[in-house]
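Q: Listed below, chain by chain, are the residues.
Protein chains: 2
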Amino acid sequence: MVEDPKRSAEFVEALAKGIAVIECFDAAHPDMTLSEIARRVGLSPAAARRSLITLSALGYVGSVGKRFFLKPKVMTLGSGFYFAARIDEILLPELRQIVETHGDAASIAMLDGHDVIYIAHHSTQRARRATAVVGARYPAHATSLGRVLLAGLPKTELERYFARVEPKALTSRTVTDKNALRALIDEAGERGYATTVDQLDYGITALAVPIRNAEGRVTAAVNSSGYSGLVSPEQMVTDRLGDLRVAAGRISAAAARTPALSAALNG
Amino acid sequence: MVEDPKRSAEFVEALAKGIAVIECFDAAHPDMTLSEIARRVGLSPAAARRSLITLSALGYVGSVGKRFFLKPKVMTLGSGFYFAARIDEILLPELRQIVETHGDAASIAMLDGHDVIYIAHHSTQRARRATAVVGARYPAHATSLGRVLLAGLPKTELERYFARVEPKALTSRTVTDKNALRALIDEAGERGYATTVDQLDYGITALAVPIRNAEGRVTAAVNSSGYSGLVSPEQMVTDRLGDLRVAAGRISAAAARTPALSAALNG
Chain A
4 MVEDPKRSAE FVEALAKGIA VIECFDAAHP DMTLSEIARR VGLSPAAARR SLITLSALGY
64 VGSVGKRFFL KPKVMTLGSG FYFAARIDEI LLPELRQIVE THGDAASIAM LDGHDVIYIA
124 HHSTQRARRA TAVVGARYPA HATSLGRVLL AGLPKTELER YFARVEPKAL TSRTVTDKNA
184 LRALIDEAGE RGYATTVDQL DYGITALAVP IRNAEGRVTA AVNSSGYSGL VSPEQMVTDR
244 LGDLRVAAGR ISAAAARTPA LSAALNG
Chain B
4 MVEDPKRSAE FVEALAKGIA VIECFDAAHP DMTLSEIARR VGLSPAAARR SLITLSALGY
64 VGSVGKRFFL KPKVMTLGSG FYFAARIDEI LLPELRQIVE THGDAASIAM LDGHDVIYIA
124 HHSTQRARRA TAVVGARYPA HATSLGRVLL AGLPKTELER YFARVEPKAL TSRTVTDKNA
184 LRALIDEAGE RGYATTVDQL DYGITALAVP IRNAEGRVTA AVNSSGYSGL VSPEQMVTDR
244 LGDLRVAAGR ISAAAARTPA LSAALNG
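Protein chains in written order, with this note's numbering: chain A, 4 to 270; chain B, 4 to 270.
Check before you lean on any hint, since a few could be wrong.
Unchecked claim - Facing chain A, according to a computed beta carbon distance under 10 Å, are these residues of chain B, among others:
(1) Ala19
(2) Ala23
(3) Ile25
(4) Cys27
(5) Arg52
(6) Ile56
(7) Leu61
(8) Tyr63
(9) Lys76
(10) Val77
(11) Ser82
(12) Ala88
(13) Gly138
(14) Ala263
Please keep in mind that the hints were generated in silico from the structure rather than gathered at the bench. For each residue, glycine too, the CB sits at the ideal point set by N, CA and C.
Using the sequences and the accompanying hints, generate a full structural model.
A: Right, here's the structure in full:
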């Protein structure tokens with residue numbers, strides 16, 4: 004909308020601060036005091052207090068004693084996107100089919116800065132874990148989805164990513180060396196897919212392919228994952244790559260026919 | 004935090020306006036122009052523009068031409084609550100067990116004004132539909148969960164609900180008469196459960212029971228639902244009520260041991 008919106012006189016700091024307060028809660032910080040929140044967001048206690056008063060009045064934040072926590076109403080903010088983009092109607096059936104054919108789990112994600120954000124997920128949920136949930140974010144460098152999405156970036160954006168990213172090890176096997184990571188991303192770009200083994204967490208082997216928009220730009224990615232003890236990445240490529248590419252093609256076609264999903268994927 | 008936060012000098016209007024802009028998008032309004040957004044939220048075009056500039060800069064809103072839409076990053080706002088309250092670890096296993104035993108779908112919801120908000124959902128997802136999604140909101144009067152939650156309100160709050168609610172018909176069978184609805188809610192309170200048939204949508208029959216906190220107050224509800232053509236509410240009560248009550252008891256106990264979930268449910 005504007006050249007540098009952060010500097011725009013119309014940028015509303017109070018809105019950005021309030022949203023940062025919502026964003027600062029997570030599994031490791033489920034409830035916090037005013038001063039903890041202020042410190043975590045980098046706000047003055049007075050500014051944090053005004054945000055918390057407002058978010059409490061609106062029903063997004065609650066408090067017990069001196070500790071604040073998120074209320075379930077914050078989930079309605081995300082569901083606006085979910086329903087507007089028709090994630091459940093268009094993307095979920097594709098993921099279900101992948102899971103019915105190959106088992107385990109399948110996800111669709113987009114890039115947001117250095118992270119991927121899951122916009123759809125389906126899994127057999129066999130005991131193990133309920134890791135990936137819609138709206139969850141994970142570091143792009145450690146996921147098959149992220150490597151395919153990074154491979155799809157214009158060169159200048161990929162350079163900017165590498166100039167700024169500090170890849171963290173999430174397991175002892177996570178590739179954090181930038182040169183090695185760059186080689187893997189280039190390879191993903193050349194082959195049109197990426198595989199990962201135990202990069203995000205132990206036990207997860209995954210295969211991802213890009214989803215392209217009408218102009219051919221990579222806007223999202225779809226993957227299929229399994230348990231590292233039971234499936235090798237080579238086996239996954241042999242068994243699942245074809246089906247994943249078919250799914251990616253169908254999703255591209257469906258998005259092209261669905262303005263809201265197309266806008267969300269292209270935006 | 005304060006007696007009347009809406010009137011507090013510390014209430015930040017700009018934050019409330021920005022959040023209202025996010026909330027105004029839904030399946031029926033997936034993308035809108037500036038003036039459509041301003042009209043829908045009840046803002047001046049200038050205020051709506053400032054909100055949109057800010058939300059765009061923060062990555063929550065995108066635009067193509069003159070139309071604005073939500074970006075997937077808004078889903079990360081809701082995932083903060085989801086992970087902080089450990090929804091996936093504590094609530095989902097209970098829902099999975101209900102669905103494994105009785106089939107179809109199971110959900111947990113809380114009351115938010117005149118609506119219920121789904122905080123956990125599991126379903127066999129057999130073709131039919133992917134209706135209930137975490138963060139989704141539905142009118143309380145038309146759901147088994149909502150009737151149980153309304154029955155658990157303190158008398159004065161239930162009076163206030165009836166003074167303000169305008170129950171809408173979502174199917175030709177939805178009970179919208181306030182006296183009839185009041186009788187059903189009283190009955191749900193006396194029996195400790197509610198059943199609904201084709202109230203929210205055709206084909207959905209459901210049974211819900213309350214989830215109580217350590218003080219005995221109803222803070223959430225859990226249900227089991229099936230296809231109206233295949234199961235009657237009487238059959239559901241016979242087959243599923245016991246299991247639902249066991250699940251509700253276990254969820255109460257788990258919440259009491261889990262500060263973040265307990266806070267979220269009590270808040």
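Q: With reference to the structure, classify each hint as holding or not holding.
A: Hints versus structure:
{"no.": "1", "hint": "Ala19", "verdict": "6 Å, holds"}
{"no.": "2", "hint": "Ala23", "verdict": "9 Å, holds"}
{"no.": "3", "hint": "Ile25", "verdict": "5 Å, holds"}
{"no.": "4", "hint": "Cys27", "verdict": "8 Å, holds"}
{"no.": "5", "hint": "Arg52", "verdict": "7 Å, holds"}
{"no.": "6", "hint": "Ile56", "verdict": "5 Å, holds"}
{"no.": "7", "hint": "Leu61", "verdict": "6 Å, holds"}
{"no.": "8", "hint": "Tyr63", "verdict": "8 Å, holds"}
{"no.": "9", "hint": "Lys76", "verdict": "5 Å, holds"}
{"no.": "10", "hint": "Val77", "verdict": "5 Å, holds"}
{"no.": "11", "hint": "Ser82", "verdict": "4 Å, holds"}
{"no.": "12", "hint": "Ala88", "verdict": "7 Å, holds"}
{"no.": "13", "hint": "Gly138", "verdict": "3 Å, holds"}
{"no.": "14", "hint": "Ala263", "verdict": "3 Å, holds"}
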